[in-house]
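For the protein sequence lines, the chains are C and Z, in the order given. Just so you know, we're using our numbering here: the first sequence kicks off at 1 and counts up by one. Just so you know, we're using our numbering here: the second sequence kicks off at 1001 and counts up by one.
Heads up, a few of these hints could be off.
[Stated by the list, open to error] Calculated pairs, SDA-like style, for lysine to any residue (alpha carbon to alpha carbon, straight line, at most 25 Å): (1) C:Lys186 / Z:His1286; (2) C:Lys263 / Z:His1111; (3) C:Lys263 / Z:His1286; (4) C:Lys175 / Z:Pro1293; (5) Z:Lys1048 / C:Ala262; (6) C:Lys175 / Z:His1295; (7) Z:Lys1114 / C:Ala159; (8) C:Lys263 / Z:Lys1194; (9) Z:Lys1209 / Z:Ala1113; (10) C:Lys181 / Z:Thr1086; (11) Z:Lys1209 / C:Asp204; (12) C:Lys186 / Z:His1049; (13) Z:Lys1306 / C:Gln197; (14) Z:Lys1048 / C:Asp204; (15) C:Lys175 / C:Lys58; (16) C:Lys263 / Z:His1220; (17) C:Lys263 / Z:Glu1124; (18) Z:Lys1209 / C:Gly83; (19) C:Lys263 / Z:Asp1119; (20) C:Lys186 / C:Gly230; (21) Z:Lys1306 / C:Glu54; (22) Z:Lys1253 / C:Glu173; (23) C:Lys263 / Z:Ala1113; (24) C:Lys175 / Z:His1286; (25) Z:Lys1045 / C:Gly261; (26) C:Lys263 / Z:Pro1293; (27) C:Lys263 / Z:Ala1109; (28) Z:Lys1194 / Z:His1220; (29) C:Lys263 / Z:Lys1051; (30) C:Lys263 / Z:Gly1205; (31) C:Lys263 / Z:Thr1086; (32) C:Lys181 / Z:Val1087; (33) C:Lys175 / Z:Cys1278; (34) Z:Lys1233 / C:Leu252.
[As the list claims (entries may be wrong)] Beyond 12 Å from chain C on every Cβ pair, some chain Z residues (computed): (35) Lys1114; (36) Ser1161; (37) Leu1188; (38) Ala1241; (39) Val1245.
Please keep in mind that the hints were generated in silico from the structure rather than gathered at the bench. In this text, a Cβ means the ideal position worked out from N, Cα and C, and glycines have one as well.
Each chain, letter by letter, is given below.
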Amino acid sequence: MAFMKNKGSRRSPFAAVLVMAAGLALTGGGYAAATAAVEQVKPASAVASAAQVEEGRKLFLANCASCHGKAAEGSAAGPSLIGVGAASVDFQVGTGRMPGQASGPQLEAKKVQFTQEQIDSLAAYVASLAPGPAVPTEEMLAADGDATRGGELFRINCAMCHNAVGAGGALTEGKFAPALKGVESKHIYEAMVTGPQNMPVFNDANLTPEDKKDIITYLKYVEENPSAGGYELANLGPVVEGLFAWVFVLGLIIAITIWLGAKSN
Amino acid sequence: MSNKSITSADSQEPEHDYAAGLAVIPADRLQDPGLEPHRVRMTDKSVKHEKAAARQVAALFFTSIVGSAFAVYAYFAFPITEELGTVRLNTLLLGLGITLGLLGIGIGAVHWAKTLMPDAEVSEERHIARGSEEVRARAVEIIKLADSESGFSRRKLIRRSLYGALALFPLPAIMIFGDLGPNPGDTLRHTMWKKGTRLAKDPSGLPIKASDVTIGSVFHVIPEGLSELEHHKLEEKAKAAVLLVRLDPADIKESDERKSWSYDGIVAYSKICTHVGCPVALYEQHTHHLLCPCHQSTFDVTDACKVVFGPASRPLPQLPITVDAEGYLIAQSDFTEPVGPSFWER
């Protein structure tokens, strides 16, 4: 090698080796650090092994392909799932809405038909088709945000359909906004991100992850704190109150009237 | 009171004056069935029952005493504290006590009247409304006397000036209606939106980029600057609130004059229902229907928000929008028609 022979050079024969070692250490270390940082940012569920994707593909072909197409491209019976993301799969399958049992104005939540492991595989497969919203991490779901702020955001963005305390409500032509009591935080978050069925999408530019956390905090607060004012009659508002007044109060008034008018024997 | 004295028809007047209104009296008309035969109560027949009823009434009154006393006890024994659940317990027990207190008196009093007080059927005769001839003649006499004594017919000057005074005296009252104003002027026709106002998120007031609005998204929008208003903030919000939706541009039916009002499938409509002004914000992503929660007026977002169901009579006004150099959504102008429910001048 040239540097061995060139004794007259000012450089030490080990200079090149040192430079190369330093370069390698810098790039390699940098790469390792960068990968670690990326790994940290990625939600845990987004890291899917090829085996899991393959498992998901098999489940998909067996259970979903008849409506959504063999490559999730969609058909007349079901929409395309390309780009809906893992969050959508986790919500739809995790609440039992998918696979749907019967067509109607709205697919309802029912008994979940897959294990969480299978749902994760399905989600990994659908997420591998095209990028989409990922399943939220534990940290995004912890109900430790600002319930007051969450309440205001809920009233502005959600209450018109879901009722001010999340009791649910009616929509048009047989559709309805389901009650949010007892719904897992994960599913509430996923619904906001993906906009299932007739619910609009609330992306992170509209409601930031922090906003979503506050909303979940508010819903959990409402769920855990009983109504202080007495029996809330399912919180459904004037319909339930009116029904109660007509059936029970009016019935009581009629009964009293009959008693007053009846002769004693 | 005996039955006889009440039911006997010893009045001087005929019981019915059919000649007054009924032209034909059918021969087989229903006969007045009269009163049912009097039924003697158990409490009238046996002293045992009478005493039992008396005890029941007293027991009901005593229940009332217990209820009232319990309400007083509950007020002190279950006070409302910092903990919210105590409100429920306090109001529940206090209410139960007061209810017992009132119901005991009420039911006891009625039970007393029904079982122990005199039990006689009473019927009141209906009399014709017309007075007797003597009464009518006397009334005319009084009016004539009053006229001659006051000189109302004789003193023309006084009478006519009185007519004038009576005609004019309500005028000041009508004039005062003017002070109910000021007239709203054109405030119902204009909102905070003007050319270049950025669309901002409710309630944060942060401006919205067109790229933030993905298909199927709904944004609840206020004009930028509304959050900083010091006066009439709610009034301005009540007029200017807007709902922003992004649709697939292929789904939208747009008239030629409104072609430029949307931006890449993003449309903005007034959130104020044209029926009675509730916020219309129940957006269905698949049907693109906007539903008003108050009276179920339904608007089709793909078709200029025309009314497809319900009592609203006009489509929701559309806010013409575009983007500025930085990509933020801005209004092209104010609404081109008044928002909200109908009023007389529109």
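To see whether the hints hold, each was checked on the structure:
no.: 1; hint: C:Lys186 / Z:His1286; verdict: 23 Å, holds
no.: 2; hint: C:Lys263 / Z:His1111; verdict: 11 Å, holds
no.: 3; hint: C:Lys263 / Z:His1286; verdict: 62 Å, violated
no.: 4; hint: C:Lys175 / Z:Pro1293; verdict: 14 Å, holds
no.: 5; hint: Z:Lys1048 / C:Ala262; verdict: 22 Å, holds
no.: 6; hint: C:Lys175 / Z:His1295; verdict: 16 Å, holds
no.: 7; hint: Z:Lys1114 / C:Ala159; verdict: 53 Å, violated
no.: 8; hint: C:Lys263 / Z:Lys1194; verdict: 74 Å, violated
no.: 9; hint: Z:Lys1209 / Z:Ala1113; verdict: 77 Å, violated
no.: 10; hint: C:Lys181 / Z:Thr1086; verdict: 23 Å, holds
no.: 11; hint: Z:Lys1209 / C:Asp204; verdict: 12 Å, holds
no.: 12; hint: C:Lys186 / Z:His1049; verdict: 68 Å, violated
no.: 13; hint: Z:Lys1306 / C:Gln197; verdict: 23 Å, holds
no.: 14; hint: Z:Lys1048 / C:Asp204; verdict: 81 Å, violated
no.: 15; hint: C:Lys175 / C:Lys58; verdict: 33 Å, violated
no.: 16; hint: C:Lys263 / Z:His1220; verdict: 63 Å, violated
no.: 17; hint: C:Lys263 / Z:Glu1124; verdict: 19 Å, holds
no.: 18; hint: Z:Lys1209 / C:Gly83; verdict: 22 Å, holds
no.: 19; hint: C:Lys263 / Z:Asp1119; verdict: 9 Å, holds
no.: 20; hint: C:Lys186 / C:Gly230; verdict: 30 Å, violated
no.: 21; hint: Z:Lys1306 / C:Glu54; verdict: 48 Å, violated
no.: 22; hint: Z:Lys1253 / C:Glu173; verdict: 22 Å, holds
no.: 23; hint: C:Lys263 / Z:Ala1113; verdict: 11 Å, holds
no.: 24; hint: C:Lys175 / Z:His1286; verdict: 11 Å, holds
no.: 25; hint: Z:Lys1045 / C:Gly261; verdict: 21 Å, holds
no.: 26; hint: C:Lys263 / Z:Pro1293; verdict: 48 Å, violated
no.: 27; hint: C:Lys263 / Z:Ala1109; verdict: 15 Å, holds
no.: 28; hint: Z:Lys1194 / Z:His1220; verdict: 18 Å, holds
no.: 29; hint: C:Lys263 / Z:Lys1051; verdict: 18 Å, holds
no.: 30; hint: C:Lys263 / Z:Gly1205; verdict: 69 Å, violated
no.: 31; hint: C:Lys263 / Z:Thr1086; verdict: 44 Å, violated
no.: 32; hint: C:Lys181 / Z:Val1087; verdict: 23 Å, holds
no.: 33; hint: C:Lys175 / Z:Cys1278; verdict: 21 Å, holds
no.: 34; hint: Z:Lys1233 / C:Leu252; verdict: 46 Å, violated
no.: 35; hint: Lys1114; verdict: 4 Å, violated
no.: 36; hint: Ser1161; verdict: 57 Å, holds
no.: 37; hint: Leu1188; verdict: 24 Å, holds
no.: 38; hint: Ala1241; verdict: 10 Å, violated
no.: 39; hint: Val1245; verdict: 8 Å, violated
The structure shown violates the earlier hints numbered 3, 7, 8, 9, 12, 14, 15, 16, 20, 21, 26, 30, 31, 34, 35, 38, 39.
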